[in-house]
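Chains as they are written, first to last, in the working numbering: chain A, 1 to 203; chain B, 1 to 194.
Be aware that a few hints might be false.
[What the hints assert, rightly or not] Distance condition first, Cα-Cα at most 30 Å in a straight line; then the derived BS3-like pairs of lysine-lysine:
#1 B:Lys129 to A:Lys72
#2 B:Lys129 to A:Lys179
#3 A:Lys28 to B:Lys127
#4 A:Lys165 to B:Lys128
#5 B:Lys46 to A:Lys98
#6 A:Lys98 to B:Lys97
#7 A:Lys192 to B:Lys46
#8 A:Lys192 to B:Lys127
#9 B:Lys46 to B:Lys160
#10 B:Lys127 to A:Lys179
#11 A:Lys34 to A:Lys45
#12 A:Lys98 to B:Lys127
#13 B:Lys128 to A:Lys192
#14 B:Lys127 to A:Lys72
#15 A:Lys192 to B:Lys129
[What the hints assert, rightly or not] What the simulated footprint calls covered on chain A by chain B, stretch by stretch (three residues with Cβ under 8 Å from a Cβ of chain B suffice, anywhere in the stretch; the number is not a length):
#16 20-28
#17 90-99
#18 177-189
FYI, nobody ran anything at the bench for these hints, they're computed from the structure.
These figures come from a predicted structure and were not determined experimentally.
Even glycine gets a Cβ: it sits at the ideal position worked out from N, Cα and C.
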Amino acid sequence: MKKILIILALSFLLTHPSWGLSDKFSDKVYTPQKLKPRDSNTHLKVGQRAPNFTLPAVNGGHVSLKDFQGKKNVVLSFIPAAWTPVCSEQWPGYNIVKDMFDEYEAILIGISVDNIPTLYAWLKEMGGLWFPVLSDFYPHGQVARRYGILRSDGMAERAIIIIDKKGVIRFFHVSDINKRPDLEVIVRGLEKVTSPRGRSPSP
Amino acid sequence: MGKGKKRALGLSLIFTILIFCLFQTGWAGPPAVGDKLPDFTLPAPKESGDRSYLGLTFLNRSFRIPELKAELVILQVFSMYCSYCQADAPHVNELYKLIEGNQALKGKVKIIGIGAGNSEFEAATFKKKYGIPFPLLADPDFRIHKILGEVRTPYFIGVKIQKDGSHRVILSRLGMINRADNFLTEIVKLADMK
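Just chain A, with the same shape it has in the complex:
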């Protein structure tokens, strides 16, 4: 029985899909072991007011959630860790869909518990991003904790949270940490807030 379990575990590891394929990151990323898919249980619900936060941005200055109130829908993209395979190939994809966020009058904000120097070097390696990336480093994972998505290993979950212009949570999606969420997940989330180009969703 023990043997079979070992073999099953082995086969699972061997068949684990490959993420972070870009030649760009070929030997530069750290490949963690397969992690527990989800390691938190958020207390927040769709329809509740989003907890406000202010965090330092990698490009300088601070960004607060309330800065966007009345102006933009906000898509928060929490990622677990810089320099890992899945994360290194999530935000570069969002780099080519700025139009999509514009259509839904949304701003994208990336958040990671890594510190600013680490994030700075990582974003440089990506070739830069059009959206702000915030560091939730100190007090460690404070914002992730406030949103109920801080894991016991100190990383944030891989989560997409969409907040409307009134500051209300409209979409809350936590992925398996080992996988990248399909881009379509974000579009479906945005559709819950508004139709493209600011038309209100039909009743």
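Take the given structure of chain A and dock chain B to it, following the hints.
Relative to the frame of chain A, chain B by itself:
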């Protein structure tokens, strides 16, 4: 059942699972030049323009590369999330234009993109963003990517198809093509085409 028999059964089960896993991960690595492609099917593209580019009829639900009525097929393994692939997209479009503008090559050389780990939505997003004129196929669960030896992206595989239906790999390479004209000259030479 005797203890020996039970053990033999257990061992053979373990062996089978291991072999299965090796197959699953594409242990063999990327297709080598001179070899045949591993046997796999691809889904026919959704867009009718893409289907007619590949010469597939409406009834085709899936196809194999060597079945295509072409002399040379260029497979591009990409991902919407790979910044090198994004940077290389205009070069591959240029390659398509050079092929289609050359009477000796038009209709004989085809390009197909395979989006490793990309959903249909993601492959379509990439296609729209760069105005890609050739078919891009989604490979959301890495099925094809595993068969192709889990290559990094972008990766290019040139497949020469003979008149008798046999085929062989003539180019298998990691990295951007950068200069479309140089890449085309090289691959046409490798494929022994005029």
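Here is how each hint holds up against the structure:
1. B:Lys129 to A:Lys72: Judged against 30 Å, a Cα distance of about 24 Å means the pair holds.
2. B:Lys129 to A:Lys179: holds (24 Å)
3. A:Lys28 to B:Lys127: holds (28 Å)
4. A:Lys165 to B:Lys128: Status holds; Cα separation ~29 Å.
5. B:Lys46 to A:Lys98: holds (25 Å)
6. A:Lys98 to B:Lys97: With Cα atoms ~27 Å apart, lysine 98 (chain A) and lysine 97 (chain B) stay inside 30 Å; holds.
7. A:Lys192 to B:Lys46: holds (27 Å)
8. A:Lys192 to B:Lys127: holds (25 Å)
9. B:Lys46 to B:Lys160: holds (25 Å)
10. B:Lys127 to A:Lys179: Holds, because 23 Å separates the two Cα atoms, which is no more than 30 Å.
11. A:Lys34 to A:Lys45: holds (28 Å)
12. A:Lys98 to B:Lys127: Roughly 15 Å between the alpha carbons, so the hint for lysine 98 (chain A) and lysine 127 (chain B) holds.
13. B:Lys128 to A:Lys192: Between lysine 128 (chain B) and lysine 192 (chain A) the Cα gap is close to 23 Å, so the pair holds against 30 Å.
14. B:Lys127 to A:Lys72: holds (28 Å)
15. A:Lys192 to B:Lys129: holds (24 Å)
16. 20-28: holds (count 5)
17. 90-99: holds (count 6)
18. 177-189: holds (count 5)
In terms of the numbered hints stated before, the structure departs from none.
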